[in-house]
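Novice: Start from the sequences and build out the full structure, keeping to the hints where you can.
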Amino acid sequence: MESLFAGSWLIIAFPLLGFLVNLLSTGQTRERTVGVVASAAAAASFGTSALVFAALLARPPEARMVEVTLYRWAAVPPLTVEVGLRIDPLSATMALLVTLVGTLIHVYSIGYMAGDPYVRRFFMFLNLFLASMLLLILADNFLVLFAGWELVGLCSYLLIGFWFEVPYNAGAGRKAFIVNRIGDFGFTLGLLLIFWTFGTFHYGSIFEALARRPLEAGLATLMALLLFAGVTGKSAQIPLYVWLPDAMAGPTPVSALIHAATMVTAGVYLILRAQPLFAAAPAAQAVITLVGAATALWAALIAVGQFDIKRVLAFSTISQLGSMVAAAGAGAATAALFHLGTHAFFKALLFLGAGSVIHALAHAHGAHGEIDPNDMRRMGGLARRMPLTFWTYAVGAAALAGVPPLAGFWSKEEILTALGERGGWATIASGLLVAAAFLTAFYMTRQVMLIFAGDPRSPAAAHAAESSAVMTVPLLFFALFSIAAGWVNAPGVAALARWLGAAHETTFHWESALPTVLITGAGILLAWALYRPGAGPEGVEDPLQARLDGLFEALRERLYVDALYHFLFVQPFQGVATAVATRLEPYGIDGAVHGLARAVGRAAALARRWSTGYVRQYGLSVLLGAALLALYVLAALR
Amino acid sequence: MTLLQAWIPLLPTLVLTAGALALILAEAFRRPGPTRGMVWGALGIALVGLGVVGGLLALLPGEGPGEGFSGMVRWDRPAGGLSLVLLIGTALAVLLSRRYLVDQGLDRGEYYVFLLLAAAGMTLMAVAQDLLVVFLALEGLSIPLYVLAGFARPRAASEEAALKYFLLGAFASAFLVFGIALIFAGSGTTQLSALAGRLRALEAGGRLLVGMGSALVLVALGFKVAAVPFHLWTPDVYEGAPTPVTAFMAAATKTAGMAALIRVFLIGLGPAAEVWHGPVAAMAAATMVVGNVVALLQPNFKRMMAYSSIAHAGYLLLGLLGAPGLALPGVLFYLLAYTFATMGAFAVAVGMAGSEGEDPSLEAYAGVARRAPGMGTAMLLFMLSLIGVPPTAGFFAKLLLFAAAWQGGWAGLVILGGITTVLSAYFYLRVVVAMWMGRAERERTPVRDPWLRLSVVLSGLATLVLGILWVMMGGLSV
Amino acid sequence: MGEWIAFLVLAAVAIATALGTVAVRNAVHSALFLVLNLLTVAAFYLLLNAPFVAMVQIAVYAGAVMVLFLFVIMMLGAERVSGAPGMRWQIPLALAWGGILIGGILFAFLQAPMELPPAGSPPAPLGDPAAIGGRLLTTHALPFEVTSVLLLIAMVGVVVLARHHGSGG
Amino acid sequence: MVTLAHYLALSALLFGIGAVGFLVRRNALILFMCVELMLNAAGLAFVAASRYRGLLEGQLAVFFVLVVAAAEVAVGLALMVAIFRTKQTTNVDDLSSLRG
Amino acid sequence: MTVPLLTAMLGLPLAGALGILAIPRDRVGAIRWTALGTSMAVLGLALAVLVGFDPQRPGLQFVERWVWAPAIGASYIVGVDGISLWLVLLTALIFPLALGASWTIAERVKEYMALMLLLEAGVLGVFLAHDLLLFYIFWEFTLVPMTLLIGIWGGPRRVYAAVKFFLYTMAGSIFMLMGIIALWLLSRSLTGTGTFDLDRMARHGSPLLSPEAQRWLFVAFGLAFAVKVPMWPFHSWLPDAHVEAPTAGSVILAALLLKMGAYGFLRFNFSLFPAAARALALPVAVLAVVAILYGALAAYAQEDFKRLVAFSSVSHMGFVMLGLAALNPLGVQAALLQMVNHGLSTGGLFLLVGMLYERTHTRDFRALGGLWKVMPLYGGILMVVGFSSMGLPGLNGFVGEFLILLGSFGAAALGPAARWLTAAAAFGVVLAAVYILTMLMRVLHGPLPPRWQGLPDLGGRELAIMAPLLALILFIGLYPMPFFAAMDASVRQALAALSGAALSTR
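Protein chains in written order, with my numbering: chain P, 1160 to 1797; chain W, 2 to 479; chain R, 384 to 552; chain X, 12 to 111; chain G, 137 to 642.
By construction, these hints were calculated from the structure, which means they are not laboratory data. It cannot be assumed that every hint is accurate.
[Stated by the list, open to error] To give an idea of the interface, some chain G residues facing chain W are shown, with a C-beta separation under 10 Å as derived from the structure:
#, residue
1, ARG161
2, VAL164
3, GLU247
4, THR283
5, LEU284
6, LEU313
7, GLY330
[Said to hold, decoys possible] Some chain W residues close to chain G (C-beta under 7 Å, calculated; not the full set):
#, residue
8, PHE403
9, VAL434
10, MET438
Glycine is no exception: its CB is placed at the ideal position from the N, C-alpha and C atoms.
Specialist: Here it is in structure tokens:
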């Protein structure tokens, strides 16, 4: 069993192998084979993760940390970087979660991507993503984590812009990468600061050093906030969340896997991973928690005004990530990870369900390319045509809304409780989260109603058919998890808390949970009242839009944040760059060179005129020289 | 000193003069027709002269036999080096001339006579140890050159060049004579080593007279080497004179002028260096700047080369200011490198002149390297050497010269020299650009001529390896 | 005192004739003024105890050379040049630079007069033609020979320049 | 008493007149005559110095200058005649096609 | 020392060039293969050097020494150490690739190939020479073939670009020549004949220089190197030269010639003028950071593919200079590695631009787009090389850039400004993503214009050229250790000399 750890690198290697096999396979490989190879690689990775997880479980709690050094990456004094893996409950859980969700989505993709000309490319990227994500998770030092961090960003970029022929998609991919890079700018500085403070990137050594001698508060705060800058990018927090809604341009399985379940949670993982560092900086923790909570509310608000099925989910993801970040920031590691896990399941479920709907609409008889298959206003009445999708989707929505006893309920409650126990600024955060919970319940109900209830609002919706088994089976799986996963850490069970070795368990009180449940119920009921079939006047696509008018328009326009960013950052950047390239460079820098050349040329033209061609004038010049020399001699020798 | 030893300094001059006189006789009795025999004769004479100089350099290490003819001439290391450079220039001039003369209908035997006579005057300058000899040598080299400049008569440009050269040359000679007179009045001697010996002991009045005289001598010699502000004749004369004559003037006359400057200022006025360094430095600076700057805009190859020769006069003047141990070898080697590069470049120009009428504009060179890669490569080498790009001889020359001047305390001037070198790269590159990168509507192809090719190849090889060889062989210890 | 008077008179004539050479319009007159000037200077030479040089001056210079000049002027009919005189600024500038040069030289002479033995007791053979002849064949044999070659060069040069183009051989 | 300085001053004046004449006249022949004037001035300086120094070299120098000047005149006049034959002018200002 | 390996490396291209001159002009195939064969042989020799190189020894290895001009103390000293080793190998690698990319040259092949080999000898000489005069000779000599390559086989404005390149670089170099002269005269005052021997000069000559003299000389040498690097604001020759040069010319310019500048700083300025290097590290770093940001901004706004890559070079070389200015092992070693990285990735980008241009005859982004559809291999390779250029972990660019930032962040030589400068430089990484991704988008993404419908993907020759680059890009990214291991001893020795006795890792 122990030798398993030495082979834990296989967790990363399997998807990488899948990537390479598909890369090197000839173009003639059958589409199906490609998907199977990729899925098998993911599954193998999942199997290995499970084995490693089990092996870790078999160890006594105090020995549940194994480090596997693979090779020495660089040694330049004073830097030494070993590429190594750190297997502990946190990373093992994450790895298990990621490989599990990943495998299911790989399988789902076989069906979803069938017929696409670039399937091979798709599965290569997906495998590569999995490998990168696992590298991020399993790394035993910040540098390797950062490498994984960037690589998942790359895969995200590649997959968002997967259908590259549509300029919008390509732009969305670029936006995602650049916004992430902005966050990583802070992350990088944080890493530099960490290195020059601790002399290493290795978690273990850093945590030891922290335990030995506490860090100066200002330094710790700076460090934590710089790392958090990276988190705001990757986990789509205020102010860098803007890329995630656009990222929905990618194929839906990608949205499910990368932009909901796994990659975007990397930020949360980073906070958990570096918990000792954040714990040393209470001020930073406050900032993080408040930013997370504010993001949760802000995104939930915007989600209310969206018509794109995936975009609603995207804002929902941002919102949920906000609550995780708030929890992680407040030091509630168990709660954060718990919610991360449950969210992975139900959000993957929702995305896959949405994908099923989109797929159905896009492939419906006689509806090719006529409508935007993502537009909820063109749906309606799908519950009857796609029952399996409907029911699983409903489960996911309920879990997300926090309906007890589904998974989301438990994890959300745990976060609220943890924040409540922390007190002070955390209380404000928990208030924000409760408000977000209300909105969440509202917009999820709205979405379900718009998609599934009533009558079809387009021919495509009228002709949509249930998806194939390769797609629905993963839905069922995820639905199951969404129902049951909450019990892993439900009151009394608290397996996750013990597994993570949490110092103390959060106690669950029905009294405190009840108001939240009521608020959630209120949200659902309000949405039901507004959106139930026949509630609004005939022909109105969205009753809420009719009532709120301007406010709804603002929500739909994402509260104008993107426009503001464009005005504040993008335009000035382009302006400066253009000014540099078309003004400063040619007229300033190169202009100076040319000016010099011109000046010399002018001087030359002037000096040329000395040579008039007249002998007498040449003699004059000789005489002038002689006169000057005579004057010199007079001055020098007298 | 035996009588025989007294003649040693004059040997090269004697060979050239005697040869020239023999050629006059031969020309007088020659049957009309091609001048092949004259070329062989002139070449033979130049080579004999070269052999004599080489033999003298080999047989007389160190400072040589000293002064002869009552101190009128002197054979020493600089004399040997200068003679060598002069004779190389002469031999190359003979090689590259014939084709041009034939093509332009100027194929007359007297040409070679005057070439050799001018060379004789120049070699006399190299050994001159008395201001009177300096004057005579100057006239001895100038008068044949006046004739040569007008050799393409009745071509208007050639006539104009000859007259301008003549009038201004005579004007400058007058300065020289008056300067010598003042020096004589001030010091009581025209003999250079005697002058050097007396300089320190002169009373105030004598110093002033010698100073004034030296200033006027500097005017005349500055005129000969084409230093600013006495340079204005150069472009006109270079442009108008027949191309081989221009080549000879550019290379050999420059060397002779430098010989005069070396002998008068380094030897005769050496002890008063701190006095004449200032004005010579100013002249060097002005010459480097003006020569290089004005050359930038020249559309005519010959004229451009004229300004190039002015610019190089500036660098050579810089060498005069150098520290004692470095200056002389630096200047000598610079002259050698310059001679090869300039003669080579003009050889290519002669080849370009062809029989269809000469067009010295740079456009005429467009695309030549495509049709004659050898010529193109050679021209590239010469231009690089004139710029001073390693590993050509020009680079080592500039290196040594700059080092000498820097050591002499003229770092600022050296930096100016460096900057102007960069400027010069522009106009030399124009030739390269035209030949290698240009395209012409009417493409000219250089003529094929064995003599010409020989001169180009020799100059090219020398330009390429000479620098390295010279430095390797301890060329600095001349 | 007599020496002074002679000097001053001759100097005045020399300067006047020089100015005449430079200033008169007609080239023939100019040449004649120059002959006068040369003769004046020859007189100076006599005054300065240099009879041989004076003779040469008169014979070669004032005689042969200037006759040649006059001959050419007459032959070409080049007494006057045609065309408007261009470059008006040339004259003041020439005067200025020339003035500076000569002024500088004069200033130098007058500032620091030479302390030389007074004239009057020159070594006996100084201007003696015999002495000069001797020197020309001994100490100055080299320049002497060189001048002979120069004359030869000039001769051949004149032949080359004067020959009609195209007459060949 | 007439000193060397006086003679030199006189010769300098003559030289200067010649030099200025060279610059202000346009007739090539007169230009050349101005040069002769300058050479002549130099000769005067030589002889005077010779006299006052008690050295014969000055006179010898004048001799050489004279002979060389004669040679120069021969060539120069031949040149001018030759040019006159093609251009029909002795005006130096007409010979300014080469410039720049 | 039995086999003069390094001299063979220098002599081989020269011999090859001569051999090409002997081949008749119309036998193009023979000419091409002679050139390629020669450069491959040089690569073989370079690999032999790599095999025989002892990474533990800090000093020069494979040294050959011959005083060829005793009168002035000029000597032929060649050798490799950890500082030059990888650059020599890079040179030996890039030339065969560049020659391979030159197969499409059809005009005046003979001259072209001969010039390429001359250029190879020159570049190798620059990296091998350990004598100031010898170095300068090679340094200036490289100008000539490069100028001709640009001027004869370049684009529409080739003459302008070639002349600008020549004059601009020469304007810088001339000051180095002044510096060399000054140093030589100093050594002459000590030894009588003088010396150009770098090591002797550094050991015995430099300590005698006053701090002020050191600063002047540092600037004199530095100007030559700064133009070549090019450091802001001396870069404006670069975009023109790159854009107009033929593909192989751009590749060599970017991959090798720019390295000569940075190498010169390290090899000469640091060892000869240590005090000045310490004093002037900050201004150098400031200019480097300006270059990073400026180059990135300018790159973003270009409409010409090649011009974008050219400006990205300015930005990348800014990183190299920042690393060098850090004056600590991290910064310097990372800068050295980054030189190699930049050679691979920017060289690769230029190759890719060239391959594209040969198909489309345009480099204007506005005319391109959607090419991934017809050229999937090309698109993939362009992406990998682009990602390498923007410093993506796992590829080589990251190793260099990140370690440079790491080095400069803690650089004692830069004082309290170190962190701010590093932060600004790190922002350059963000900008790199902006322009590289924009480039990828404008070339590969979006709808495919109909005129590019039938564009062929990369062929076998082109893949063979790109393959070694891609392999190295990946290898260095994943396992840079051997590269650092080989340079560690030498860099540490150089820095120890720089900081006097107190060897500091910061």
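Novice: The structure should be examined with respect to each hint, and the outcome stated for every one.
Specialist: Evaluation of the provided hints:
For ARG161 (chain G), the shortest C-beta to C-beta distance to chain W is roughly 8 Å, which falls under 10 Å, so the interface hint holds. Violation of the interface hint for VAL164 (chain G) is found here, the shortest Cβ-Cβ separation to chain W being roughly 15 Å, above the 10 Å cut-off. Against a cut-off of 10 Å between C-beta atoms, the interface hint on GLU247 (chain G) holds, since the closest Cβ of chain W lies about 7 Å away. About 8 Å separates the beta-carbon of THR283 (chain G) from the nearest beta-carbon of chain W, less than 10 Å, and the hint is met.
Given hint, LEU284 (chain G) at the interface with chain W, holds; its Cβ is 6 Å from that chain's nearest Cβ, closer than 10 Å. For LEU313 (chain G), the interface hint holds, since its Cβ comes within 10 Å of a Cβ in chain W; the closest pair sits about 6 Å apart. The beta carbon of GLY330 (chain G) is positioned within 10 Å of a beta carbon in chain W (closest approach about 9 Å), and the interface hint is therefore held. Checking PHE403 (chain W) against chain G by beta carbon gives a least distance of about 5 Å; that is within 7 Å, so the hint holds.
The beta carbon of VAL434 (chain W) comes within 5 Å of a beta carbon in chain G, closer than 7 Å, and the hint placing it at the interface holds. Annotation: interface hint on MET438 (chain W) holds; nearest CB of chain G at approximately 4 Å, less than 7 Å.
When held up to the earlier numbered hints, the structure conflicts with hint 2 and nothing else.
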